[in-house]
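*Asks:* Below are the chains, spelled out letter by letter.
Protein chains: 2
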Amino acid sequence: MKVIKFGGSSLANSTQLKKVLSIVKADDQRRYVIVSAPGKRFDGDTKVTDLLIQYARLTIHHQATAAIVQTIIDRYAEIGHGFNVPEAQLTPIFTTIKNLPNQTYADNTYLMAAFKAHGERLNAQLVAAVFQQMGLNARYLDPKDAGMVVTDVPDDAQLIASSYANLAKWAASEQILVIPGFFAYNRNGQICTFSRGGSDITGAIVARGVQADRYENFTDVDAIYAVNPKLVHQPAAISEMTFREMRELSYAGFSVFHDEALIPAIEGNITVNVKNTNHPEAPGTLIKSTRACNTAYPVTGIASSSSFCSLYLRKYLLNKEVGFGRKILTILEDHHVSYEHMPSGIDDLTIIFDEHQLTTALETELTAEIAAAVQPDELYFTHDYSILMLVGENMRNRVGIMSRAATALAQHGIKLIMVNQGASEISIMFGVHDRDADQAVIALYHEFFKA
Amino acid sequence: MKVIKFGGSSLANSTQLKKVLSIVKADDQRRYVIVSAPGKRFDGDTKVTDLLIQYARLTIHHQATAAIVQTIIDRYAEIGHGFNVPEAQLTPIFTTIKNLPNQTYADNTYLMAAFKAHGERLNAQLVAAVFQQMGLNARYLDPKDAGMVVTDVPDDAQLIASSYANLAKWAASEQILVIPGFFAYNRNGQICTFSRGGSDITGAIVARGVQADRYENFTDVDAIYAVNPKLVHQPAAISEMTFREMRELSYAGFSVFHDEALIPAIEGNITVNVKNTNHPEAPGTLIKSTRACNTAYPVTGIASSSSFCSLYLRKYLLNKEVGFGRKILTILEDHHVSYEHMPSGIDDLTIIFDEHQLTTALETELTAEIAAAVQPDELYFTHDYSILMLVGENMRNRVGIMSRAATALAQHGIKLIMVNQGASEISIMFGVHDRDADQAVIALYHEFFKA
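As given, the protein sequences belong to chains A and B, one line each in that order. Take this note's numbering: the final residue in the first sequence is number 451, and no numbers are missing along the way. Take this note's numbering: the final residue in the second sequence is number 451, and no numbers are missing along the way.
Hints were generated in silico from the structure; no laboratory data involved. It is possible that part of the hints are untrue.
Derived, one-sided and incomplete: chain B residues facing chain A with beta-carbon distance under 8 angstroms [unchecked claim]:
1. Pro-229
2. Lys-230
3. Leu-231
4. Val-232
5. Leu-317
6. Val-322
7. Ser-344
8. Asp-347
9. Val-399
10. Ile-414
11. Lys-415
12. Leu-416
13. Gln-421
Chain B regions said to be covered by chain A (calculated; three or more residues, Cβ under 8 angstroms) [stated by the list, open to error]:
14. 323 to 335
15. 367 to 380
Yeah, the Cβ is synthetic: ideal placement off N, Cα and C, and Gly gets one too.
Okay, chain A solo, but in the shape it has when bound (with noise of 0.2 angstroms):
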């Protein structure tokens, strides 16, 4: 059978919700549905959740909460009114609503997770009840009941592994069990949430849960492609892809999955087929441990990611001096930073990070740290600096990508600041300016999938 998760934009209003119903039943191996709450129904839209969060502030605030009740009713009102819900079965969900502001909360940060977390659980509620209305074999499914038990962080909660146990009670289910994603409930029955993309990760514990054939995750798009739509126009879909590609992919810059989402899927050995909600034709991207080879396209995908920053050092006869390396990492560990690579010459050094880590004040602390440990000739921080990352299972033992890659690149003018292949047989990764980094990917597009 089959775990299908349906994202915020697929779920957005009662017209999107005809077609996730059309999904489910074009396919009775379609059993576990995995909800996210309502998303943007257009451009300028707000998602519930962002809605949840206003509401979760303006209470904690003491301040005037009606016209925010109103706004989130209006959107679960909606899609029962367009699938004719009973009354009867709306109510509850507009009175939890109305009263979240009135349980206990142990804080602060309890009462947010809670808050969010009622996105996907009313929605899930009330996907349920639009199913059993329109004649399927319904019902909804509380993490709680389902036996999802995770760590007590209320916005960064981590599943207890027993829980794929419990899970595993489910798989005989004759029913479609509508799960709410992003929340479960901690050991004392408290809502903690996944951290961001949290409704993926719901289904892929699902998935592995109940040992499932495919887990189908239904976004907004037909495929994933190549190479960011926004660069090339019309770029090549993915057919399949394995694991590995997409993490290397995810890293710098495909925002498909977050990096963690897909864990318990990887886990469980569980193919991940994204599909397309507005299209559900079109055969999608499967994602799996291994794939055919296909030696006609070596590079599978190509991203790229400007939130990237390095600091420079320079010593002379760095590399006779043990210790070095172990002094800079004490010092960024000290500070919880955590860095990318650390491409290193014979007497420097470039330590990559993720910029969102780093503030001024940091990175000058860091500087004086360094400094004083290690005693470098030269030492600065950079933020002009892009990842690009290269792809592709069928690049392992190939000759001759690095060849192509550097010619496309080169013959586009673009300066290469800095080239690390080795440990990943997978993937090429080029450091470039950031100005450089759009018209990179370009190049590399043009040369690997036009060619």
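Since the structure of chain A is provided, determine the placement of chain B on it from the hints.
*Replies:* Coordinates of chain B only, in the frame set by chain A:
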């Protein structure tokens, strides 16, 4: 004025010393002559230093030394007699050799250092006598009288910085000073030697101390070549290179200088000129702080070395883990192992080592400790690892070098297992399988020097 250093092959016998004499006579700026011990006269010959090491071992083990003493004396005698140096000047040298075992040494390490150092010490005395005999105003200058004081490590001494002020007092000398390389004295007056490359470092120290205009380093090649002459017939000579280029090339197989030998010259900003004793008219190679840009040849030299091994480590979500790098480096440091480079992917990491540091037992130990500390999904050592360095100051700010290099390698079917560019702007590092290393160097040479 100039400091001029002669290696062992330039001083192997009286025939060679005649060339040295002409060189010294040809330029009255050549005022400080640093001498090595007599080297090999022919393939298969034994250097005087190695004879002295045998002599020291026999002494330590209380074995007969008469034969080895005579062999050593014969080497000096041949040179002295070749220039008709009076017996009165040779006898003290022979006596010193015979009496080496009768001196007092703190322990056998000091004994070994003193025996070895006498290869240079007695040769400098002999060369001074030859120079006098041949009409030059020359004298022997002992490192003690020169004021060269070193740390108390008999076989790996470091110069104490105050020595430079002592040496500066000899800057005004009108005489030619013949100074032995390779050793000096600790604060207790005991002989301590520099580690490998020791006469080169004495030359650099004296050049800095007397603020020489140039440090001429005479060896047995016309120049430093852009590539190993064993791989390419009559390769291009390097007319000028910077200290940084020298360092980067030395690292991967260029054996002209020991890594640390030129540090005093770099600190003193003394231009080094590598020249050929057997062909002193050749301009040789200049090594200096900066050099003119020559865009026709972006690459200065290409080196390769197979003396590396690598440790591959893969772990899912590696880059999310604060502290994994530090944990690994701490383990290496605990075992006094320094690493060369650490290219990383998203979920994997390769650590490259100079393989001389490792034994099978140590590798097993490191593997076990790293496995315990970071619990990787995969972890193994591999020794089939050569590093190629493409080095050139003119590569700085140039587009297209990687393209040309990678294309040349691809055309020869050479698989790149590592590419590292980023920290140093003046070099690109390639990792290849050992079997491909020579072919790769040749391919790169033809691309950058013959195209």
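*Asks:* The structure should be examined with respect to each hint, and the outcome stated for every one.
*Replies:* Okay, the hints, checked on the actual structure:
1. Pro-229: violated, 23 angstroms
2. Lys-230: violated, 23 angstroms
3. Leu-231: Since chain A brings no Cβ nearer than about 21 angstroms to Leu-231 of chain B, farther than 8 angstroms, the hint is violated.
4. Val-232: violated, 22 angstroms
5. Leu-317: For Leu-317 of chain B, the interface hint holds, since the closest Cβ of chain A sits about 7 angstroms away, which is under 8 angstroms.
6. Val-322: holds, 4 angstroms
7. Ser-344: Interface hint status for Ser-344 of chain B: holds (5 angstroms vs cutoff 8 angstroms).
8. Asp-347: holds, 6 angstroms
9. Val-399: holds, 5 angstroms
10. Ile-414: OK, holds: Ile-414 of chain B within 8 angstroms of chain A, min 7 angstroms.
11. Lys-415: Since the shortest Cβ distance to chain A is 5 angstroms, the answer is holds.
12. Leu-416: With a closest approach of 6 angstroms, the Leu-416 of chain B hint holds.
13. Gln-421: Cβ of Gln-421 of chain B sits 4 angstroms from chain A, so the hint holds.
14. 323 to 335: holds (count 7)
15. 367 to 380: The restraint on the stretch 367 to 380 of chain B is violated, since only 0 of its residues have a Cβ under 8 angstroms from chain A and three are required.
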